[in-house]
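Student: Here are the chains, one letter per residue:
Number of protein chains: 2
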Amino acid sequence: MMTKTLKVAMLGFGNAGQAFVKLLLDKHDEIVDKYKYDIKVVAISTKSRGSMVNEKGIDLRLALSDMEELNHFRKNREDYSSFNSMEIAKTVDYNVIIELTPLEIFTGQPAIDHIKTAFNRSKHAITANKGPIAWAYEELKDLAKKQDSLFYYETTVMDGTPIFNLVEETLEFCKITEVNGILNSTTNYVLEEIAKGKEYDDVIVEGKKRGFIEANPAMDIEGWDAAAKTAVLLNILMGANITPADIDRKGIEDITNKQIEEAANKGNVIKLICHGSIKDGKIIGTVQPKEIGKDSIYSNIKGTSSVVTISTDLMGDISIVEHEPEIEQTAYGVFGDILRVIKSIGLV
Amino acid sequence: MMTKTLKVAMLGFGNAGQAFVKLLLDKHDEIVDKYKYDIKVVAISTKSRGSMVNEKGIDLRLALSDMEELNHFRKNREDYSSFNSMEIAKTVDYNVIIELTPLEIFTGQPAIDHIKTAFNRSKHAITANKGPIAWAYEELKDLAKKQDSLFYYETTVMDGTPIFNLVEETLEFCKITEVNGILNSTTNYVLEEIAKGKEYDDVIVEGKKRGFIEANPAMDIEGWDAAAKTAVLLNILMGANITPADIDRKGIEDITNKQIEEAANKGNVIKLICHGSIKDGKIIGTVQPKEIGKDSIYSNIKGTSSVVTISTDLMGDISIVEHEPEIEQTAYGVFGDILRVIKSIGLV
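Those sequence lines, one after another, are chains A and B.
In this text, residue positions in the first sequence follow our numbering: the first is 1, and each later residue adds one.
In this text, residue positions in the second sequence follow our numbering: the first is 1, and each later residue adds one.
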């Protein structure tokens, strides 16, 4: 059997993209062995650190070492390109585009347009960026179908933890009636620190210093990140066709030390809970701080760990917990989607 | 596309078998629609309540109503048969055999022989009985491969919760380095009741009355059931090629009220923990009561709920929790395996 080539264009080359490339290098020979596919990265774009394009395949070791040594691609390389992400999406000859650009939480752009461009060229797309799924899932899904394109997005919630694949591949004929989860680590961290007796402002300052909290934590604290994840879960698992703006959202900004203390006196904790269910035939999504009893596994989802529980008609309730993920788990999510592309193409 | 027929022989027709048949009746038309397969049950055996054989398909509604009304198959039915399970395995014309006979925990027999018989006839097999996987997985797997037979066993641990399918279908290239779990509800119940201040003997008597504890609870209390499940997990997920006898097993029979109380004073609980890992290149399995810290989700796994955590090289640690399953979840496990057979045959 001849080895075929799968050409991949990567939009974005931050920590997750770099970890993905390392994993690809590590598993390259095994993939050739098992699937007879040689995966070549033919383009990588960044916003301000240059791009690389080489339709015969970029030397990924050099791409990694450039970033490590210079924090940008070396400008005198033959493969160096000034193409931006949209130019790559539009013009490079690839089979699959991987959307890894930073999330624009209120629009999902330009990631949505990158993926549309790929589909309109009948290319396949993988997104680790949840924006497109939160804001335009139905439209993208329909376009992919029309163009015979594959569209995978496992990494958009809980990194590579196979929540969407689990449902699609292993829970067939099950109807999902409810979804719950804890999916935002910043609020998890802040609530835990306050429960230790610290003041909100001190927790934010210390969290930023320690790298647990972003420079502008408003999107996390106000529940927008959790709302985007809830929209993704409900769009994919329940066909909700909603956006983050449709989620009934309340952040943790108004939670007082006193409320946390009162919960703690009962052995309970306050957590920011993502929820979706069917009410009067309509799928509704909420993000709200809730007091969680000490008997629930939700009380023990701490720090960067996360949980999703799906309630089904045939298989009851199942929870999946991801424990303290690292960037390698994000990389694995993208990697797993690439394998699905190879397997699906193989079947065509 | 023509509708094909999948002929199924069921060995055993207890609660799980009956729930499976109900699910099959319920989803029959959807399966024909989606996969163009008409699933017909052509044989059902029981140990002492008669059997039924009809190569054109048993009337499953009558089979269910006989059991409900008479607790055995009506002897004057045309389909009534005195075949035992092995005679059915050997002689009936089926495509797939479903092994649902009661577990013989120290041998895995006669379930192993049923499955071997099916494979030797180049038939496919599904087992919900964990005996064959605990005692003879490698042998059966090799025989299935040699005979081009399919072999599925999702139901053997955690009912239909897709633990094996999860790993096989969605965690490709991941190497599992460690497995942990709480998988025995009797010991879970007993330890919880003792923690409430009750005496061991009283808990057993009351548990039997309430249906939580079997007539002879020794297999649960001494950890044999958990050891069988551990062997299944390690054989399938880690290729351990071990049996329940190889598991370093300690039950809860020596746990004292005082130990439980001392743990409770720290907010902790004692749980019977299944564990497998690699030590000096060899896979070892243990079943042991352990004190679990109140910060672990394992402290929240109560009653009939269960958990499995897999540690992987590429995807870190993932836990799956099944919440308070009913018999319908066992039925779904078998149903899911039947769907896999149809999909796999479709590909051949």
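In short, the hints are calculated from the structure, not lab data.
Source: prediction; values computed, not measured.
Be aware that one or more of the hints could be misleading.
Since the list gives no way to pick out one identical chain from another, each pair is judged satisfied if it fits inside one copy or across any two copies.
Below, computed lysine to aspartate or glutamate pairings styled on EDC-like, alpha-carbon distance capped at 16 Å [claimed, not checked]: (1) 56 - 139; (2) 34 - 172; (3) 250 - 291; (4) 196 - 295; (5) 302 - 317; (6) 343 - 169; (7) 22 - 313; (8) 302 - 26.
Student: Which earlier hints can't be squared with this structure?
Tutor: 1 and 8
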